[in-house]
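Enquirer: Following the hints, complete the assembly by docking chain B onto the known chain A.
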Amino acid sequence: MAAGVAAWLPFARAAAIGWMPVANCPMPLAPADKSKRQDELIVLNVSGRRFQTWRTTLERYPDTLLGSTEKEFFFNEDTKEYFFDRDPEVFRCVLNFYRTGKLHYPRYECISAYDDELAFYGILPEIIGDCCYEEYKDRKRENAERLMDDNDSENNQESMPSLSFRQTMWRAFENPHTSTLALVFYYVTGFFIAVSVITNVVETVPCGTVPGSKELPCGERYSVAFFCLDTACVMIFTVEYLLRLFAAPSRYRFIRSVMSIIDVVAIMPYYIGLVMTNNEDVSGAFVTLRVFRVFRIFKFSRHSQGLRILGYTLKSCASELGFLLFSLTMAIIIFATVMFYAEKGSSASKFTSIPASFWYTIVTMTTLGYGDMVPKTIAGKIFGSICSLSGVLVIALPVPVIVSNFSRIYHQNQRADKRRAQKKARLARIRVAKTGSSNAYLHSKRNGLLTEALELMGTPEEEHMGKTTSLIESQHHHLLHCLEKTTGLSYLVDDPLLSVRTSTIKNHEFIDEQMFEQNCMESSMQNYPSTRSPSLSSHPGLTTTCCSRRSKKTTHLPNSNLPATRLRSMQELSTIHIQGSEQPSLTTRPLPTTSNESQGIQGKTKVKCHK
Amino acid sequence: MRPEGEAEGLQTLGIVVVLCSSLKLLHYLGLIDLSDDKIEDELEMTMVCHRPEGLEQLEAQTNFTKRELQVLYRGFKNECPSGVVNEETFKQIYAQFFPHGDASMYAHYLFHAFDTTQTGSVKFEDFVTALSILLRGTVHEKLRWTFNLYDINKDGYINKEEMMDIVKAIYDMMGKYTYPVLKEDTPRQHVDVFFQKMDKNKDGIVTLDEFLESCQEDDNIMRSLQLFQNVM
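Top line first, the protein sequences correspond to chains A and B.
Under numbering that gives the first Met the number 0, read the first sequence as residues 0 to 610, first letter to last.
Under numbering that gives the first Met the number 0, read the second sequence as residues 0 to 231, first letter to last.
Hints were generated in silico from the structure; no laboratory data involved.
Note that the coordinates shown come from a computational prediction; the quantities given were computed from them, not determined experimentally.
Each statement offered as a hint is correct.
Between beta-carbon pairs, the in silico distance windows are:
1) A:M329 / B:K182: 54 to 62 Å
2) A:W53 / B:K182: 40 to 48 Å
3) A:V42 / B:Q195: 54 to 62 Å
The beta-carbon is built from N, C-alpha and C at its ideal position, and this holds for glycine as well.
Just chain A, with the same shape it has in the complex:
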């Protein structure tokens, strides 16, 4: 029942009184309206914009968020309104749905944003009204295609080591950019296609006269050379075809595909020629078979994206092309008939029959106007002019449809290519941002520990340093820290050496303390690298500083045993510490040390290794 007519339910129930005298049996009791609430206005505050509506309006659709008790989760007691932290523009459409029963899709809205909002409010997109449904579906399809494109290109770039030889070959054939060998193969075949086509063309050029005989085409003059060239090309094509056949995941489907048919048609004439050279009668037919060699030029469509798009466009515009053909045929027949009868009277007229007039009609309608057939009578001239005028119209009408189709597909392809090209740069930027954030974690870990230490040491005036991060950040970092503790690993950024070291440390026990310390002791901490960049990728002194904070930890938290996990965190802490050594806030004050023997290395920070 459409919600809009819910307001008419009292009327429908009242009208049921008309059945009462007719009824033979007693009526069931009416349901009691328990909550006899007066209809009230409720306020929906969406990101600051207040919408007000009757409660009953929202209750029309009880299986959505606003119509059910789910909205109570969003009720704000203080302001007595329902607060949603969502987009107010889309909410307008959603609320209109409740009011009018029709969901509209605004054109300016992004499709995925709109979908998200609909999912939030529990509304199925299928109830979008007819007026907007087409647009919605179109946009959704485009989005899906884009996602598929992205997925495809992602999959292509992923390294799939577990491919069989056959699969690698097939991939090499389909995407020449996957390996150098594939690229080489691609260019070689392209070259041979070109050679073959040019050979076929040049074969027929008249090549100068041999004295004593008439002008010969090049093909007959240098028949051996051309034959050799042809053989070479066909060899290559045959080998290529067989390789593709071998590598194809579904041979049957491959055989039926257009490209393979073109391949076969391109090389067949040669083999047929080989077989049939001895038979003189059929050689005439064989000569005509040679015309199929021109199909080799279609093999270029594997090499050219544009050609493929053109082919796809023509396929998708099949109905328009069919319409064009049909209307042209109709017009041709009409005008040919008329012209024939018009010119029948004139003497020596070329319009000998209606089919003969077809030629005139076609030439006139396409505005070619060869002039080999011209009407001579007045009627013929009148109808001829009408014919040419209408020809322009009939041909011009379906062409823009095909053109726009082609343009749309072409632009889609361009967009996909552009997206792929931009993707690398985008991903690089995203990666930098991500490393930035993870380094923020490491930074704040140091800061955090610092804060802990400070608190323990009872120096509250430096606590403010730890507050540079927001609450959410600090909680997030605490979470990551806990994860580190749980797994016994720690986060590192871009340092292969150190990651190797950490990966060997899996257990909570740190095994070779001695060696570790030795390492620490060996390298001095005199020189702090001055690189400020948070990336630890090329940090020479990394290993040397790995344990420099270890003692720090022990001193700061004397009540805790020193689990090896802390060590790892210290490793990076120390590295970060080194990195952050330029930070004035942290380097200005020396870190407190306890009474353990400390070989404080004078410098920006005090670190020590102790046994």
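Expert: Below, chain B alone, put in the same frame as chain A:
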């Protein structure tokens, strides 16, 4: 002779074709006007927009409170922004409540019962007046209204054909898929039962007094009339 005649005939034909097409072209371009009937005027449909009388007046005339009238009017205006309901809209609205069957005939009779002035459109006042009777009226008023509904030709008597139509319309609302399956003569039997009960003097028609008397004797009917008391 023949070919020349043919050629001349074709010539004339060609000239005629050219003339006609040029006239048409000029007409389409708007330079001359050939059409007789102005279809464009018909497109200006009379957008009837009726506003009801004031709220206080309606409150006085009916048994509804102001709030109830407000709610009713909001629903009314939502479906019929122009302020009046025509039969088509009425049928559509009523059909939404009975998706399984065909409610158009009963809605038709209902519409004519609502449309007391037989203008073809129901204004809000008529709507509310009828509702007031049906929901808040006395038993007498309700029964009188029902009698009016059954009396299709408004001649003051209900005969068997009218009753047949009404009962068939009610059965139509049930739709095809019922249990038990509707038999051919069930409506007729139903009408016969009705007439047996209502037609006191067995003259084949039911007058208003007969109707009122018979209904008041039947407890079932009396009870069911009170069923929709608190619908609003």
